[in-house]
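Those protein sequence lines, which keep their order, are chains A and B.
Note that my numbering has the first sequence beginning at 9, numbered continuously upward.
Note that my numbering has the second sequence beginning at 9, numbered continuously upward.
Calculated directly from the structure, the hints in this document are not laboratory data.
Heads up, some of the hints might be wrong.
Below, in silico cross-link-like pairs of lysine to any residue (SDA-like), each with a Cα-Cα straight-line distance of 20 angstroms or less [as the list claims (entries may be wrong)]:
1) Lys95/B / Ile108/A
2) Lys95/B / Pro115/A
3) Lys32/B / Ala11/A
4) Lys95/A / Arg68/A
5) Lys95/A / Lys95/B
Here is how the chains run, residue by residue.
There are 2 protein chains.
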Amino acid sequence: MNANIPNYRSECPLSTALDVIGDKWSLLIVRDMCMNKARYGDFLSSPEGIPTNILANRLRRLEVTGIIHKKLYQTKPLRYEYSLTTKGANLLPVLQQLAIWAHQHVPECGVPPEWFLSAKPENLVKNY
Amino acid sequence: MNANIPNYRSECPLSTALDVIGDKWSLLIVRDMCMNKARYGDFLSSPEGIPTNILANRLRRLEVTGIIHKKLYQTKPLRYEYSLTTKGANLLPVLQQLAIWAHQHVPECGVPPEWFLSAKPENLVKNY
């Protein structure tokens, strides 16, 4: 995926949402941030095994589209911590509905944790 | 995307959902079916301009994963109509949350229609 702001295929809001986060990885990074993961190595350690080049691309893309922001926490070498913006936190209902759907319809998958299903976007970010 | 049943990257229900429908096109076909589009040409005529090879791949994939089913309506040449299963109709809350999110956060996009936001999965399929 191109790391710049996407070209929107139509004015349809669903299509627009998919232009921004319609891939297999972006929402997993958002999920990790809902669990207070913040650093590059945290995301790499998730069980799906995101490749480093895809992680770098998606972090850049999520930043450009205003879903996450990054903050320097170390200068030698440069290291960043990532967190959700309000726009990013507001993806939580999408994540919850996707998890509910998979749990209902895909026998292979696990149970969504209760804390996750009852979480609120406003509790995921300071200054919501 | 491979048109067979996906390999699941983890037991996480969100990850599992994205293994099934985590791409830019699958949910647009589900959206079209929510609007009673049923035939190959109907999907091709949507404003996003899905390429024919991607449409064929995604219809096959949605069928293999039990989200849609197809019914023959013409034999010479073979032509099919597609419709949502219960599993497919239950993606509606995901679509609704994605549309609400884009409408709230992406200024370029249009307003989700009221009928869409108030639609219910059980009204999208016979024998729900």
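Hint check results:
1. Lys95/B / Ile108/A: Roughly 12 angstroms between the alpha carbons, so the hint for lysine 95/B and isoleucine 108/A holds.
2. Lys95/B / Pro115/A: Distance of about 12 angstroms is within 20 angstroms: holds.
3. Lys32/B / Ala11/A: 15 angstroms, holds
4. Lys95/A / Arg68/A: Given pair lysine 95/A, arginine 68/A holds - Cα atoms ~15 angstroms apart, limit 20 angstroms.
5. Lys95/A / Lys95/B: Between lysine 95/A and lysine 95/B the Cα gap is close to 29 angstroms, so the pair fails against 20 angstroms, i.e. violated.
Hint compliance for this structure: hint 5 is the single one not met.
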